Each structure stands twice: as C-alpha cells, then as structure tokens.
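Protein chains in written order, with my numbering: chain A, 1 to 115; chain B, 1 to 117.
These are computed hints drawn from the structure, not numbers from a lab.
Remember, predicted model here, so these are calculated numbers, not experimental data.
Virtual Cβ for every residue (Gly too), placed ideally from N, Cα, C.
Heads up, a few of these hints could be off.
Have a look at the derived ranges for each label pair, beta carbon to beta carbon [to be verified]: (1) 18(B) with 78(A): 35 to 41 Å; (2) 58(B) with 30(A): 38 to 44 Å; (3) 15(B) with 64(A): 41 to 47 Å; (4) 67(A) with 73(B): 35 to 41 Å.
Listed next, the in silico SDA-like pairs over lysine to any residue satisfying Cα-Cα at most 20 Å (straight line) [what the hints assert, rightly or not]: (5) 16(A) with 85(A); (6) 40(B) with 32(A); (7) 41(B) with 22(B); (8) 41(B) with 44(A); (9) 73(A) with 97(A); (10) 40(B) with 70(A); (11) 40(B) with 11(A); (12) 40(B) with 81(A); (13) 107(A) with 44(A); (14) 3(A) with 85(B); (15) 22(B) with 12(B); (16) 3(A) with 18(B); (17) 18(B) with 97(B); (18) 41(B) with 40(A); (19) 18(B) with 113(B); (20) 107(A) with 85(B); (21) 40(B) with 16(A); (22) 18(B) with 62(B); (23) 41(B) with 22(A); (24) 40(B) with 40(A); (25) 73(A) with 55(A); (26) 70(A) with 104(A); (27) 40(B) with 97(A); (28) 107(A) with 40(B); (29) 19(B) with 8(B); (30) 22(B) with 36(B).
Here chain B is said to cover these stretches of chain A; the calculated rule only asks that three of the stretch's residues, wherever they fall, bring their Cβ under 8 Å from a Cβ of chain B [to be verified]: (31) 10-19; (32) 37-48.
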Amino acid sequence: AQKITQTQPGMFVQEKEAVTLDCTYDTSDPSYGLFWYKQPSSGEMIFLIYQGSYDQQNATEGRYSLNFQKARKSANLVISASQLGDSAMYFCAMRENSGYSTLTFGKGTMLLVSP
Amino acid sequence: ETGVTQTPRHLVMGMTNKKSLKCEQHLGHNAMYWYKQSAKKPLELMFVYNFKEQTENNSVPSRFSPECPNSSHLFLHLHTLQPEDSALYLCASSQDLRDRGLNYGYTFGSGTRLTVV
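Throw the hints in and build the complete structure from the sequences for me.
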C-alpha cells in the first residue's frame, strides 16, 4: 500500500504568489516524522522542512511552512512568495519510529514558477 | 569537502560492461543508502547500511552489488545491466538508524545519471 500520496503531478504558480503542494500519508505508527525535499534539475535532493507527529505547532522554515493536519493525515507544503528558483520537483517523505525505519517518498510534484 | 559526493555524475555503459558508482560523505554519519529514481516513479530504496552492515536489500537484482568498506564510503558495483536500469542513482547518508529520534532527514548527493545502452 502506498504510504505517501502526492496527487498533483504538476503545479503552476506566478512569481510572488503562494502555492500549496499536497501530501497525504498512511501509517498506524503513532510516532513518525514527515519531510519535504526539493529536487532541482541538477538532481540533488535538498531538505526543506520537518514535522514530527507529536509537534503541536506547524513547522516553518523561512518561506516554507507545513500545514499539518494529523486527523486527516495530511502534511501540505506551503511556499509563500514564490520565486523563479523554486521551480523544481518536490517530494513528501515519511519515516516511522519502528525498527530500522527508512524514509519513504511520494511520487513528487513538479512546480513551475512563471514570471 | 563537505556533504555527500557522488561520482561519476554521468555514466553511459553497455550491457556487458562492469562499472562502479562511488559515494562519499564527510558528515560523520553512520548510515548510508542507495536509491534509484526512474522517470515517473517514486524513489526506490535499494540498499541500506548502518555502521558498515547491510540492514536492507529491497529485492534488488544481483547485477547490482553494494559495498560499504567504512561509514564514509559506499559503492554500487554494476554488471550486465539492462536498459531498464537506466535511471538516476542517488546516495544519501544519515545518523545512526538505531537512533530513535525522528527529526533527522537524509543528506543526498547529486546523483549519478546512468544510461545503459
């Protein structure tokens, strides 16, 4: 069963506008971590933001914020004031707190920012 | 040099060739990973090493052979590959897998783009 679902293959946004990238997850583990990564055309995966399942507040890192809705099992990434350099693939990932748990990734969303 | 370094960045090989991908990290991490990224597919975890010991092999064909001589270096030896093995191969590292904390992510290299002809 797919643990991370990103339903938006592609998103378009104009420069300086905000955009939300969707992510839903599936786990029965009460303790888990959620991550967002950015992958530019160069290929490198760049860590953006982290949210723990027990964190009371939504995570924020500069222009990135995570809209964490635990009951809905969603962890949407919000990018405010989009910039041309934000054009990239964005991946949502989860790590559960069991055994030698590793990161599981969604299929990604391609974001294109236009001038 | 810091971070995770992968070499080569690009590789074209024939189906009968033998080649190796190299990954090196200078972050003091103890876990290292190989991921395969094919077009329109999620990242596929191939192998995991923790303190040089392989902890996971996700049913990867034997034509892919990993090697982890120490916590800083990881290799992926390739032989008799198929065209469908063409992909971006990403290496990553992280803290000790046994660490029960969840708030560490992985640090990735830039990947090796492999084309099998």
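Checked hints:
Here the CB-CB span from residue 18(B) to residue 78(A) is close to 47 Å, at odds with the stated 35 to 41 Å. Taking the beta carbon of each, residue 58(B) and residue 30(A) are about 25 Å apart, not inside 38 to 44 Å as hinted. Distance hint check: the CB atoms of residue 15(B) and residue 64(A) are about 43 Å apart, consistent with the given range 41 to 47 Å. Taking the beta carbon of each, residue 67(A) and residue 73(B) are about 39 Å apart, inside 35 to 41 Å as hinted.
Between residue 16(A) and residue 85(A), the direct Cα distance comes to roughly 11 Å. Compliance with the 20 Å bound is thereby established for this hinted pair. This hinted pair does not check out: residue 40(B) and residue 32(A) have alpha carbons roughly 26 Å apart, beyond 20 Å. A threshold of 20 Å between alpha carbons decides the hint, and for residue 41(B) with residue 22(B) the separation of about 23 Å lies outside it, so the pair is violated. Between the alpha carbons of residue 41(B) and residue 44(A) the distance comes to roughly 16 Å, so the proposed pair stays at or under 20 Å and holds.
Only pairs whose Cα atoms come within 20 Å are accepted, and residue 73(A) paired with residue 97(A) is accepted, the gap being roughly 16 Å. Under the criterion of a C-alpha separation no larger than 20 Å, the hint pairing residue 40(B) with residue 70(A) is inconsistent with the structure, at around 28 Å. This hinted pair checks out: residue 40(B) and residue 11(A) have alpha carbons roughly 15 Å apart, not beyond 20 Å. The hinted pair formed by residue 40(B) and residue 81(A) fails the criterion: a straight-line CA distance of about 28 Å is larger than 20 Å.
Between residue 107(A) and residue 44(A) the CA atoms are separated by roughly 16 Å; this keeps the pair inside 20 Å, and the hint holds. Under the criterion of a C-alpha separation no larger than 20 Å, the hint pairing residue 3(A) with residue 85(B) is inconsistent with the structure, at around 24 Å. This hinted pair checks out: residue 22(B) and residue 12(B) have alpha carbons roughly 15 Å apart, not beyond 20 Å. With a C-alpha separation of about 35 Å, the suggested pair residue 3(A) and residue 18(B) falls outside the 20 Å cut-off, and the hint is violated.
Under the criterion of a C-alpha separation no larger than 20 Å, the hint pairing residue 18(B) with residue 97(B) is inconsistent with the structure, at around 31 Å. This hinted pair checks out: residue 41(B) and residue 40(A) have alpha carbons roughly 16 Å apart, not beyond 20 Å. For the hint linking residue 18(B) to residue 113(B), the alpha-carbon distance of about 16 Å falls within 20 Å, and the restraint holds. Restraint check for residue 107(A) and residue 85(B): the C-alpha separation of about 18 Å stays at or below 20 Å, so the hint holds.
Using a Cα cut-off of 20 Å, the hinted pair residue 40(B) and residue 16(A) is violated, with the two alpha carbons roughly 28 Å apart. For the hint pairing residue 18(B) with residue 62(B), the CA-to-CA distance comes to about 13 Å; that is within 20 Å, so the pair holds. Between residue 41(B) and residue 22(A), the direct Cα distance comes to roughly 17 Å. Compliance with the 20 Å bound is thereby established for this hinted pair. Under the criterion of a C-alpha separation no larger than 20 Å, the hint pairing residue 40(B) with residue 40(A) is consistent with the structure, at around 15 Å.
Straight-line distance between C-alpha atoms of residue 73(A) and residue 55(A) comes to about 14 Å, which keeps the hinted pair within the 20 Å bound. The suggested pairing of residue 70(A) with residue 104(A) holds, with an alpha-carbon distance near 18 Å, which does not exceed 20 Å. About 28 Å separates the Cα atoms of residue 40(B) and residue 97(A), which puts this hinted pair outside 20 Å; it is violated. About 7 Å separates the Cα atoms of residue 107(A) and residue 40(B), which keeps this hinted pair within 20 Å; it holds.
Between the alpha carbons of residue 19(B) and residue 8(B) the distance comes to roughly 10 Å, so the proposed pair stays at or under 20 Å and holds. Taken as a hint, the residue 22(B) and residue 36(B) pair is honoured in the structure, with Cα atoms around 14 Å apart against an allowance of 20 Å. For the region 10-19 of chain A, the proposed coverage by chain B is not satisfied: 0 residues have a C-beta within less than 8 Å of a C-beta in that chain, short of the threshold of three. A count of 7 residues in the region 37-48 of chain A with a Cβ less than 8 Å from any Cβ of chain B is obtained; the coverage claim is therefore met, three being the minimum.
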